[in-house]
Structures are given as C-alpha cells and as structure tokens.
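Residue numbers (this note's numbering): 47 to 523.
Incorrect hints may have been included.
Stated by the list, open to error - Each computed EDC-like pair below joins lysine to aspartate or glutamate, with the alpha-carbon atoms no more than 20 Å apart:
1. Lys506 with Glu387
2. Lys418 with Glu394
3. Lys181 with Asp319
4. Lys345 with Glu394
5. Lys228 with Glu255
6. Lys374 with Glu397
7. Lys322 with Glu194
8. Lys201 with Glu253
9. Lys280 with Asp511
10. Lys317 with Asp185
11. Lys324 with Glu387
12. Lys193 with Asp183
13. Lys479 with Asp443
What the hints assert, rightly or not - Here are the computed distance ranges between Cβ atoms for each label pair:
14. Ser297 with Pro238: 29 to 35 Å
15. Asn212 with Lys280: 46 to 52 Å
16. Ser475 with Phe218: 42 to 48 Å
In case anyone wonders, no lab produced these hints; they're calculated from the structure.
Note that CB positions come from ideal geometry on N, CA and C, so glycine has one too.
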Amino acid sequence: MIQSISIQSHLISPRSHLTTRSKVKKRSLMIPMKNFAFDNEVLILPTMAVQNLYLIILVCSSISVIFQGECKKFQKYNDDQTLLSNSLTSNVILPPHLSGRDLLPEESKFPQFHQECSNEPVPPIHGPLSIPSFKVDLDLPPKQRWKEVVTAKKKEMELFLQFIRNNTDRIFGKKVFRVVEKYLPKLLPSLPPIYQKEMRGIAETAEMEVGDVVLFNIFYEFFSLCTSVVMEGKDGTMYHGRNLDFTTYMSWDRENKSWVSSQHLRNMTVKIDFMKDKRVLFSSVNFAGYIGILTGVKKGQFSLSINERFRVLGGYVGLLEWIMGIRKQNWVGFLTRQVLEEATSYEEAMEMLEKPKLLAPVYFILSSNNSKQASVITRDRRGYDVWNFGSRYANQDGDWYLVQTNYDHWKPPPLFDDRVTPVVRCADSIGNKNTTSTLFRVLSTVPVLNHETIYTAIMKINTGDLYTWVRHCQWPC
47 MIQSISIQSH LISPRSHLTT RSKVKKRSLM IPMKNFAFDN EVLILPTMAV
97 QNLYLIILVC SSISVIFQGE CKKFQKYNDD QTLLSNSLTS NVILPPHLSG
147 RDLLPEESKF PQFHQECSNE PVPPIHGPLS IPSFKVDLDL PPKQRWKEVV
197 TAKKKEMELF LQFIRNNTDR IFGKKVFRVV EKYLPKLLPS LPPIYQKEMR
247 GIAETAEMEV GDVVLFNIFY EFFSLCTSVV MEGKDGTMYH GRNLDFTTYM
297 SWDRENKSWV SSQHLRNMTV KIDFMKDKRV LFSSVNFAGY IGILTGVKKG
347 QFSLSINERF RVLGGYVGLL EWIMGIRKQN WVGFLTRQVL EEATSYEEAM
397 EMLEKPKLLA PVYFILSSNN SKQASVITRD RRGYDVWNFG SRYANQDGDW
447 YLVQTNYDHW KPPPLFDDRV TPVVRCADSI GNKNTTSTLF RVLSTVPVLN
497 HETIYTAIMK INTGDLYTWV RHCQWPC
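From just these sequences and the hints, can you work out the full model?
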C-alpha cells in the first residue's frame with residue numbers, strides 16, 4: 047500500500063521523482079507577451095498561448111513531412127537524456143527555499159487580483175447554467191457507445207469544427223488544416239483498439255471525417271488551463287471542485303466580450319454517466335466528441351481532475367515521438383479514463399497515475415473518500431512528485447484544502463496568472479462550514495473565474511454526485 051507522507055511547503059517532497067538535470071542547454075525561445083487591443087479594451091494574451099499557436103504549425107507540418115516519407119531519421123536518446131522540450135528551457139527542479147515560494151506576497155501587485163471573494167450562491171442543480179446528462183454504456187459495442195451524445199450535440203460539434211477550420215485558415219493558411227484532416231487518420235491505428243472504434247463510431251454518427259475526431263481528442267490534451275481545489279468539510283466529507291479554462295485565443299467576440307472558442311465549448315459540455323452491468327461505474331464532465339476524461343468521480347472511492355502543466359513545447363514532443371513510432375507513452379486523457387474504469391481504490395488510482403510514461407506533462411489532482419486523503423501528483427513525462435493534503439502554501443492558514451493551478455506548487459505562480467493567492471485568501475476567510483458553498487464561491491472569484499472558464503464542477507466523493515455549471519465571467523473580468 048502506498049503511504050501518504052505529509053510535507054511542508056519549504057521542504058522537498060520525499061515522494062519527488064521528477065527528473066532533475068544539472069546541465070541543460072540554454073537555447074532561447076523568447077516569444078514576447080502579446081497585447082491585443084479591441085477598440086479601447088486591451089486583453090493580455092499569455093506567452094504560453096502564443097507558443098501553442100506557433101507549435102500547432104510545427105506539429106501539423108511535421109505530420110505532413112513524416113507521412114510523406116520525407117523524414118528519414120529521428121535523433122535517438124536515452125530515457126534520462128534531455129528532450130527537445132527541456133533543451134529550450136531549464137527544467138532543473140530547485141528546492142523551494144531557492145524558488146521564491148516563501149517570498150510570495152500575500153496579495154498580488156496586479157489590481158485584478160484584489161477582487162473581493164465572490165458571494166455568488168450555488169446555482170440550482172437543474173437550472174439555466176446546468177449541463178445535459180447522457181449515458182455511455184460500456185457493455186455496448188464501442189462504435190455504438192457515444193451515439194446518444196453525438197446525435198444530441200452534432201450541430202455544436204460541426205460549428206466548433208468550422209470555427210477551428212476558419213481561424214486556422216485565416217491565421218496559418220488553408221494548407222495546415224487540410225494536412226491535419228488528411229494525415230491524422232493515419233494516427234488512429236496506433237491508438238488502443240477500443241478507442242479507435244469509439245472514434246470511428248463518433249465520426250459516423252456526426253458525419254465527420256475521422257481525422258476531425260482524432261483532432262478533437264488531441265486538441266484537449268494541450269490547451270486546457272485549470273484550477274482544482276480539494277476541500278474537507280467539518281464532518282470529514284471530501285469535496286473536489288474545479289474550473290476548466292480553455293480557449294484557443296483565436297477570436298474575440300466584441301459584443302459579448304468573450305472568446306468565441308470558449309462559447310462553442312460551453313455548448314458542447316456534457317455530463318456522462320459511464321455504465322457497466324446496468325449501474326453507474328463513474329461520472330465525468332466531457333466535451334462532445336472527446337472520449338478521454340478531464341474531470342471524473344467514482345462513487346465512494348475517488349475523484350480525479352487534470353490540469354495542464356506548462357512546459358515549452360509541452361506534449362508536442364511526445365506527439366511527434368508518437369508519430370515517429372515511439373509509443374511507450376500514455377495519452378493523458380486515455381490514462382485517466384482507464385484509471386476511472388479499472389481502479390477500485392485511491393491507492394490503486396495513485397499508483398496508476400504515478401508510474402506510466404506520459405505523452406505530456408500534467409498535474410493529476412486526486413481525492414479519496416477518506417478524510418484528509420488527497421494529493422496533487424505533478425508529472426513530467428517520466429517522473430512524478432506527490433504533494434499531500436495538509437501541506438500548505440506559505441500564505442495559507444487552513445490545512446483543510448489543497449489547491450493546484452497550472453504551476454508547480456514549490457514555485458511562486460507568475461504574477462500575471464496568480465490564481466493561487468485568491469483561492470487561499472478566500473478559502474481561509476470563508477471557512478468550511480458549508481463546503482459546497484465555499485468551493486463555489488472560491489471558484490467564482492476573479493481571476494479564478496475568468497474569460498476562459500468553460501465550467502465549474504463540484505464532486506462529492508462519498509455519494510458520487512457531480513454537479514456542473516457552465517460559466518461566463520461578466521466584463522470586466
């Protein structure tokens with residue numbers, strides 16, 4: 047059995063198995079912060095988002111080159127050798143006392159981080175912000191499992207695909223998306239057979255190209271920005287909340303003051319009850335067309351969410367390796383689905399998330415049904431670090447909650463994207479007398495709630511309840 051080891055924020059975790067590298071080539075990949083002005087409004091576009099757009103070109107171009115047989119060799123490397131993504135930026139793991147965590151100010155210098163804690167009440171479970179629910183029966187043949195979901199959301203999927211196609215054409219030219227549609231189906235046979243069949247079934251029902259469905263399932267591996275919070279109620283009940291933030295930064299709706307891609311995804315958000323032997327095996331929140339798991343709960347056992355972990359090139363190197371035929375890695379969304387299908391305990395789920403090689407770096411936020419048992423598993427593509435419930439940030443008073451955004455817990459979050467400070471401030475001030483309300487208020491506080499937020503989900507592990515609401519942060523946000 048894996049033992050939980052509680053650590054303090056100023057110590058290196060004894061469970062840390064992340065790759066450390068003392069010698070890293072310091073190449074420069076400097077893409078400056080972009081200011082995008084719309085009339086008199088200025089939006090700050092994070093550097094990572096700009097890099098993602100450039101890297102789409104890299105991946106799509108590589109797919110074209112590889113499948114046309116123009117790429118004749120791929121540089122071999124050992125498992126412990128620095129990969130391309132890490133040769134572009136330092137990936138040395140510093141002790142927290144050198145990383146600046148203890149120097150993190152209690153309040154950000156940025157005025158938008160001084161927002162008051164939200165007083166927004168928890169919306170009705172079946173209200174205008176709630177999402178539709180569907181069943182996916184795992185006892186059915188794979189090609190038939192998603193038929194109900196796709197039939198109901200076919201129009202929304204078509205509109206989102208057309209949006210991506212139009213904006214890709216506008217920004218990068220028409221060739222890029224045509225290459226994706228032509229060559230991505232060639233990746234399908236390399237995926238697990240059951241998932242191949244599910245994607246083919248989705249394509250047939252939606253009357254889409256198989257390559258478009260593959261694109262949906264790759265797309266969400268690299269663009270999701272999130273905040274996850276696990277809280278313990280006064281009675282020891284464990285709750286797991288999360289905001290899922292997602293956008294392509296391609297198109298801004300001036301009238302509604304929102305990212306258009308986020309609007310599309312809100313319309314595609316669904317709750318899924320995965321059925322086995324005529325009972326609910328686990329529940330999740332999905333985007334129609336996506337068969338992996340980003341947010342899920344297994345009644346009485348554990349809950350799970352994933353947050354993107356920022357790295358230059360992130361999972362793009364893993365994707366290129368997969369295309370090249372190096373396929374020892376696991377797709378993150380497929381791994382989390384496997385964990386929810388197969389694991390029967392928190393400990394088993396933790397072990398399944400710690401060990402496999404991954405296509406992309408990620409944070410797994412895992413909560414047990416047992417009091418004070420939860421963790422953040424920080425993963426690079428090979429190593430891992432475990433941060434257990436009860437550990438605190440330097441400015442955190444309460445030990446009854448655990449928070450993770452998109453940055454390593456032993457480093458200070460960047461000032462332009464500090465969602466940790468408002469979570470800590472609001473959780474400490476509100477308290478856990480009514481945990482569902484506290485979670486929702488914390489996740490509704492700007493900038494934890496922002497223009498990219500698609501939905502807020504709250505999971506109650508002992509009952510398996512999963513409540514989800516689509517969100518729209520009103521301007522200014």
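The hints, checked one at a time:
1. Lys506 with Glu387: At roughly 18 Å apart (the allowed maximum being 20 Å), glutamate 387 and lysine 506 satisfy the hint.
2. Lys418 with Glu394: At roughly 17 Å apart (the allowed maximum being 20 Å), glutamate 394 and lysine 418 satisfy the hint.
3. Lys181 with Asp319: holds, 5 Å
4. Lys345 with Glu394: holds, 15 Å
5. Lys228 with Glu255: holds, 9 Å
6. Lys374 with Glu397: holds, 18 Å
7. Lys322 with Glu194: holds, 16 Å
8. Lys201 with Glu253: holds, 11 Å
9. Lys280 with Asp511: holds, 18 Å
10. Lys317 with Asp185: At roughly 19 Å apart (the allowed maximum being 20 Å), aspartate 185 and lysine 317 satisfy the hint.
11. Lys324 with Glu387: holds, 14 Å
12. Lys193 with Asp183: Holds, at roughly 10 Å.
13. Lys479 with Asp443: Judged against 20 Å, a Cα distance of about 16 Å means the pair holds.
14. Ser297 with Pro238: 29 to 35 Å: holds, 34 Å
15. Asn212 with Lys280: 46 to 52 Å: holds, 51 Å
16. Ser475 with Phe218: 42 to 48 Å: Holds - the Cβ-Cβ distance for serine 475 and phenylalanine 218, about 46 Å, lies within 42 to 48 Å.
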